[in-house]
Amino acid sequence: MRQDWFATLKESALTAAVAAALMLPLIGLYTSTKAGGLAIGTRWTELAIGVVLIFLGRFALLRIQNGDRLIPLIGGAIVMIVGFLLPLPNGLLTVCCIAGGAIVFLRCCLAWVTGNLGLEAEKQPIAARTQAFLKKYGLWLGLAVLVFAIIFPWLPFVDRRFIDLATLVLIYVMLGWGLNIVVGLAGLLDLGYVAFYAIGAYSFALLSSNYDMSFWACLPVAAMLAAFLGILLGFPVLRLRGDYLAIVTLGFGEMIRIILINWVDFTKGPDGISGIPKPTFFGLSFSRRPPEDTESFHQFFDLQYASVDRIIFLFYVVLGLALLTNAFILRIRKLPIGRAWEALREDEIACRSLGLNPTNIKLSAFALGAMFGGLAGAVFAARQSFISPESFTFIESAIILAIVVLGGMGSQVGVAIAAVLLIGLPEWFRELQEYRMLAFGALMVAIMVWRPRGLLSFREPTLRLHDDDSGLSR
Amino acid sequence: MEYFLQQLINGVTLGAIYGLIAIGYTMVYGIIGMINFAHGEIFMIGAFVALISFLILGVTGGIPIPLVLLIVLLIGMCLTAVYGWALERVAYRPLRGSPRLAALISAIGMSIVLQNYVQLSQGARVKTLQPVIEGGFKIMQSGNFTVVLSYMQIIIVIVTVSLMAAFWTIIAKTALGRAQRACEQDRTMASLLGIDVDKTISITFILGASLAAVAGMMVTLYYGVIDFYVGFLAGIKAFTAAVLGGIGSIPGAMLGGLLIGLIEAFWSGYFSIEYKDVAAFSILVLVLVFRPSGLLGRPEVEKV
Amino acid sequence: MTPSLLTVEHLSMRFGGLTAVDDLSFDAGDKQITAIIGPNGAGKTTVFNCLTGFYPPTVGRLLVTIDSEKFQLERMEGFRIAREARVARTFQNIRLFPQMSVLENLVVAQHNPLMKASLFSVAGLLGLPVYKTAEASAVEKARNWLDRIGLTSRADWDAGNLPYGDQRRLEIARAMCTDPVLLCLDEPAAGLNPRESAELNNLLLSIRDDDGIGVLLIEHDMSVVMGISDKIIVLDYGRKIADGNPETVRNDPTVIRAYLGDEETPVDSAYD
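Chains as they are written, first to last, in the working numbering: chain G, 1365 to 1838; chain S, 499 to 802; chain F, 6 to 277.
Do not rely on the hints blindly, as some may be mistaken.
[As the list claims (entries may be wrong)] Computed cross-link-like contacts, PhoX-like style, restricted to lysine-lysine with a CA-CA straight-line distance of at most 25 Å: (1) K1499(G) - K121(F); (2) K36(F) - K236(F); (3) K236(F) - K1698(G); (4) K236(F) - K75(F); (5) K671(S) - K697(S); (6) K1698(G) - K75(F); (7) K75(F) - K137(F); (8) K1632(G) - K1500(G); (9) K121(F) - K146(F); (10) K137(F) - K1698(G); (11) K774(S) - K1374(G); (12) K1632(G) - K697(S); (13) K121(F) - K137(F); (14) K36(F) - K146(F); (15) K1642(G) - K1632(G); (16) K36(F) - K75(F); (17) K1499(G) - K1698(G).
In case anyone wonders, no lab produced these hints; they're calculated from the structure.
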């Protein structure tokens, strides 16, 4: 036992030493702009607190691994309280203090619960149980979520900002489902998906501002243009595999963005396009005072004007499109083309030997994936009313890919959950604006380390010979 | 002609820097078969460490410049190497044997974390360093255009070439290099034969990170301007260079880096500076269409 | 005289300086099992890879004749060979779709007819009866094959979770689901125990007799080769050194020498 403590202490000290080396140049020291150039400043207190925190955290986690519950539990609670009460010199430290303490605290509680119930938290049974549960109640659960989504804007605690956020989450759900065709089903790693999103958004923005086309007329055009671009991109990269494909698609995404920035005559460059119209309800707009000779929604239905109507309507539009996307993908997955995508992911050589044409299969995956990206882009432009190349950076592609992989590749529900987690949660903690991206990145790493196969990673066969589970082996 | 020569000099300098970063990508790819997406961020951290070390030494004053350079180089390499090691330990090791995409996502997550960490700790503003080494040789003059080969450019090329030579020796001649190549071929077999795979992979990350640190220091000195975002574009360019040269091949990374540097320099010199990245990516696509495994990469044999 | 199902004329394949197959000519008949044997590295798999379009041959003509319609395989892309010339194959190291179910593996093999029936997904998306009947008959065909290879009860397993012997048989069934006229099997008995080997013999005989197609077989297991082949072709260093029925080949002195040097052991026990 004494040996044990000593080893733990040594390990924690080592970790703390590494952390000190890591933090010394960038946290211990900082540069600030002064009159004659840059000056250097020091933050030794911050450094010291950071190193101590890391020491404590590592120590606590190691103790938990060794079966100790009580000491880390109390320690975590104390650190958390200290974080709340003590005015630390830096906001980030406060956040780290509270979050670190909370993590240790919760980890202890978890260990306590699972340990005492005799369920050593093995991952396999949990996955199997989730699967069984979803199989049994999946339909009801889906219906419940659907009903919730439909009544969502009318719930008492839901305000304007919340609906707007839900719309954004739904856009990312669509993007995730679209990319899922390419990455999850066909197994083609695409790091430039944002290109199609951008094409969709810009098609709508440009068509509406130059030719006065309405949202509903632009929607299919945007989808078609994006799909066409998907095929265009698909051709040169058909022979490439894995990471070569990844870098070329990444380059393609960047190229589109650079063109959007520099082709000022056409795209208005970095300034972006503003004044993009909102979708109309069968030609009825949602403005308070519609232009001459037209009626607006509230006038037609003889309602009180409410500016939130427009946002609610957009939410329903996106919800409808997302449901359509979902139905389409669920259906096509069970068609020959869907199975061919998956077969291609599993083994391209075997596919060729069975007479499947890999070119067509890959291009169809690219085209359909791109199409949904384009749809989502058009909706995004309508939500924002303003778009600029800044919205279509590589990080967007990374986020969409993260949604797909975190959700569990190929799983529609998983993608939706991951979108809520990655887009909804960080937006919700807007108070922590500065630390949002930091937390976002950390969350990506943490989920992957915790569940490398994604949140919901099981696959239901598209066809079954037997109805019951007797034939299933896991 | 003079203009051409100047662009050539600039291109080679830029290419040397890309090459240094590209080696890190290619080595990691060779040994674990994965894109180390956070490598660009490691380069950025190297640049910041170099900047801060320069400022400290500058405040102290009185130390001759070559010594300052050497000290900064060593500090930068050591501290950045710790980042490389920690990156592998946190984001890659737990995911060994998991689907490749999982590691890719965790690397992208790490890259976001590092970028924001530096932004938060050092501020989002662009940092400008007073030039440490100024002047150069005037090689050629015609009219009012002078071709200049600056001392800084000479230093960059010399340091790069000697480091690459050192590297080449490590990979080709030492036991470590053999262990690395063994792990590349078959990790399980290597560990059965008594090679410490974890250690070998860690060392690979450390070596890659220290080269990136050198590149970071060079960029800090050469351009004198850095911010927390420099890692992204440099990383993508260097990765493009590694793929162009054939990923997994160290001479390929050097060649690819040089090519990307030259393409950029000439494109911005003769055509338009805005589209230089488009040019680099287009050439990459063209090369890959005709040689799917890059210029010097071993073609992947389809085993059936 | 009707031409053979498959005619190979002067096939050569060189990789750089290495000649893997050297001026090989042979035919394989309809409703016949033709075996290609030879020591390791004799170029057997290379012949298969040329036949199924994975390598374009350096020289030579590969002709498949179906009802007097001729297909020149050396000029066709791999997937067209499977689709139009109807040559199906299996692989030395099994290539199933491991994360798809057994049934799905068999249905993917019927991709082309199903794709047509779904009117390139339009009918399928709309759920038209045309597609539904086509899908039902595809499942029926798959079920029929599952019965023949004894895997009906495991139809919903992931193919990757099947035991080795079952995977081998599934791969053959999958190839058969493409409706081939010529089935090329690359070492189907490798890694099978004697009982499984015997089952494989019966399966191959039934494919020849009941389905009435040609089978081309690479195999080291002489109990399989000698037991079921109608014709044997022996390769050594890429050249054909003998062909004929099992009896002739078994006693051919060149064959014995190629396998064993000049030792006096019969061929049967050379490669078990």
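Output the indices of the hints that this structure fails to meet, ascending. 1, 3, 6, 7, 8, 11, 12
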